[in-house]
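A.B. asks: Under my numbering, residues 5 to 246 are what the sequence shown spells out, in order.
Don't read these hints as lab results, they were simulated from the structure.
Do not rely on the hints blindly, as some may be mistaken.
Unchecked claim - Each computed DSS-like pair below joins lysine-lysine, with the alpha-carbon atoms no more than 30 Å apart:
id : residue 1 : residue 2
1  : K117      : K22
2  : K143      : K117
3  : K204      : K22
Claimed, not checked - Ranges between beta-carbon positions, derived for each pair:
id : residue 1 : residue 2 : range
4  : L241      : D31       : 56 to 62 Å
5  : L29       : H221      : 43 to 49 Å
6  : L87       : Y196      : 41 to 47 Å
7  : H72       : A219      : 30 to 36 Å
8  : P30       : E86       : 24 to 30 Å
9  : L50       : H221      : 25 to 31 Å
10 : A147      : Q113      : 17 to 23 Å
11 : L50       : E154      : 24 to 30 Å
12 : V176      : D227      : 17 to 23 Å
All figures in this text were calculated on a predicted structure; none of them were measured in a lab.
Cβ coordinates follow ideal geometry from the N, Cα and C atoms, glycine included.
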Amino acid sequence: MRILMLSKALVVGTYQRKAEELALLPDVELTVAVPPVWQEPGVGPLPLERRYTTGYQMAVLPMWLNGHFHMHFYPGLRRLVELIQPDIFHIDEESFNFATFQAMQLAVQHRAKSCFYNWANIDRRYPPPFSTFERYTLKHATAAIAGNHEAAQIIERHGYEGPIHVLPQFGVDPELFQPAESLPPEPFRIGYFGRMVESKGVMDLIEAMALLPDAVHLLLIGDGELLPNIAVRIAELGLQER
5 MRILMLSKAL VVGTYQRKAE ELALLPDVEL TVAVPPVWQE PGVGPLPLER RYTTGYQMAV
65 LPMWLNGHFH MHFYPGLRRL VELIQPDIFH IDEESFNFAT FQAMQLAVQH RAKSCFYNWA
125 NIDRRYPPPF STFERYTLKH ATAAIAGNHE AAQIIERHGY EGPIHVLPQF GVDPELFQPA
185 ESLPPEPFRI GYFGRMVESK GVMDLIEAMA LLPDAVHLLL IGDGELLPNI AVRIAELGLQ
245 ER
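Could you put together the complete structure from these sequences and hints?
C.D. replies: This is the structure:
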């Protein structure tokens, strides 16, 4: 069984363990298509890491409109599909993205079974052309994968009638990420792990810290364009020691 997986997320080396595990399934010939780099909005370039690549083929495709979640696409994708002739096309993109529309058309043309992946848990009606992309995807997908139950409900409300599987996009590899044997004896700690961008509400978290008792500490882990502003605001509020 030939499987083609299209995923810009798999430029991240630790995520590639998922591909290795899929490749271990019986009778699976897996090819993963990735860009050479993904321009993460608010963070910057994430170049391809070749960290876990055993058991499957990795195809690196140029990406146009890199950094635009909903409008990027792969000009070389058709040639790759014609070469592989996949039985299953796993499109690791959301239903309303142009890359999904592009890949789904190729899946239909080559009579491959297909699935897409949605994280969106806020119900929006998309304007053209994104509404067109979504209608086509929902009409032709063999199956859907949702990152959470809210996303699954939205997929159904938008008209999808096929099977939906609720499954986080990537799990946590316990061989790579393990809790410390013990934490330092400190007061109550709040943690944030993610992108340092405005939309995540990190600045609101900083402001809230100023209202909490001194016994409450905050641990921030991540990177992004908002990081200098965060450092300035922490200093202004006198929160450096917390």
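A.B. asks: Compare the structure with each hint and give your call.
C.D. replies: Here's how the hints hold up against the structure:
no., hint, in the structure
1, K117 x K22, "20 Å, holds"
2, K143 x K117, "13 Å, holds"
3, K204 x K22, "26 Å, holds"
4, L241 x D31: 56 to 62 Å, "59 Å, holds"
5, L29 x H221: 43 to 49 Å, "44 Å, holds"
6, L87 x Y196: 41 to 47 Å, "43 Å, holds"
7, H72 x A219: 30 to 36 Å, "44 Å, violated"
8, P30 x E86: 24 to 30 Å, "26 Å, holds"
9, L50 x H221: 25 to 31 Å, "30 Å, holds"
10, A147 x Q113: 17 to 23 Å, "19 Å, holds"
11, L50 x E154: 24 to 30 Å, "27 Å, holds"
12, V176 x D227: 17 to 23 Å, "19 Å, holds"
When each numbered hint is compared with the structure, a violation occurs for hint 7 only.
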